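Put together the whole structure using the sequences plus the hints.
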Amino acid sequence: MADQYLTIPNTLSLLRILLLIPILFCFYSQHFLCALGLFAVSAVTDMLDGIIARRWHMESRFGRILDPLADKITFVTLVVLFGWDVLWRRWLLSLLAAEGILLLMGAYTYINPHAEHWFSLGANKFGKAKTCCETALVASLIAWHFFAYPDLFYLQVILFISIAFAYASIVTHIRLTPLT
Numbered sequence: 002m003a004d005q006y007l008t009i010p011n012t013l014s015l016l017r018i019l020l021l022i023p024i025l026f027c028f029y030s031q032h033f034l035c036a037l038g039l040f041a042v043s044a045v046t047d048m049l050d051g052i053i054a055r056r057w058h059m060e061s062r063f064g065r066i067l068d069p070l071a072d073k074i075t076f077v078t079l080v081v082l083f084g085w086d087v088l089w090r091r092w093l094l095s096l097l098a099a100e101g102i103l104l105l106m107g108a109y110t111y112i113n114p115h116a117e118h119w120f121s122l123g124a125n126k127f128g129k130a131k132t133c134c135e136t137a138l139v140a141s142l143i144a145w146h147f148f149a150y151p152d153l154f155y156l157q158v159i160l161f162i163s164i165a166f167a168y169a170s171i172v173t174h175i176r177l178t179p180l181t
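Residue numbers for the sequence shown follow this note's numbering, beginning at 2 and rising by one.
Everything labelled a hint here was simulated from the structure, so no lab data went into it.
Straight line, CA to CA, 20 Å or less: simulated SDA-like cross-link-like pairs of lysine to any residue: (1) Lys-73 / Leu-16; (2) Lys-73 / Trp-85; (3) Lys-126 / Ile-159; (4) Lys-129 / Glu-60; (5) Lys-129 / Ala-165; (6) Lys-73 / Asn-125; (7) Lys-73 / Tyr-109; (8) Lys-73 / Ile-22; (9) Lys-73 / Ala-44; (10) Lys-73 / Met-106; (11) Lys-73 / Leu-104; (12) Lys-73 / Leu-37; (13) Lys-73 / Ile-162; (14) Lys-73 / Arg-62; (15) Lys-73 / Ala-140; (16) Lys-73 / Ile-102; (17) Lys-126 / His-174; (18) Lys-73 / Ser-121; (19) Lys-73 / Ala-108; (20) Lys-73 / Ala-124; (21) Lys-129 / Leu-104; (22) Lys-73 / Leu-15; (23) Lys-126 / Ala-165; (24) Lys-129 / Tyr-168; (25) Lys-126 / Ile-102; (26) Lys-126 / Arg-56; (27) Lys-73 / Ala-137; (28) Lys-129 / Gly-101; (29) Lys-73 / Ile-112; (30) Lys-73 / Ile-164; (31) Lys-129 / Arg-65; (32) Lys-73 / Ile-52; (33) Lys-73 / Leu-97; (34) Lys-129 / Asp-47; (35) Lys-129 / Val-77; (36) Lys-73 / Leu-21; (37) Lys-73 / Thr-12; (38) Lys-73 / Gly-101; (39) Lys-73 / Tyr-168.
This one's a predicted model, so the numbers in the text were calculated from it and none came from an experiment.
Quick look at the structure:
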């Protein structure tokens, strides 16, 4: 795996971070459908960067850290700004803690290549499910504001499911028997 920096998947990950600016502008200007559309574009770039990287062999060590970092920056920014006064804070903080743990595991493995003996950082089914739930959560938060504050129950359910998948992802990333 070459350490390439300027690849299409890495560019898509950077685009996802840059899309935060117009998403936030639209949201706080109360153009909720525009914010939702831009967030949908962001979600599609998240899906495409992995597909392109694998299909055209553009995987890189840098991309393995940039993609989840872009996911975390995007998700944490949007869920905190859109949901802090809406979601149950203890649950929200639990999800943010899980994201922080995953980020630290990834950073440690990037800095210390020997850490891969203890952590596997590739995508796993729980991480993918977590990302889907978090995407649904942010989209639902935007829609919640658009539809003049309907019932919050479904938002809390999505948050709880996201927490379960996040911690399951952490557990599956830890190697109980280190590689030798």
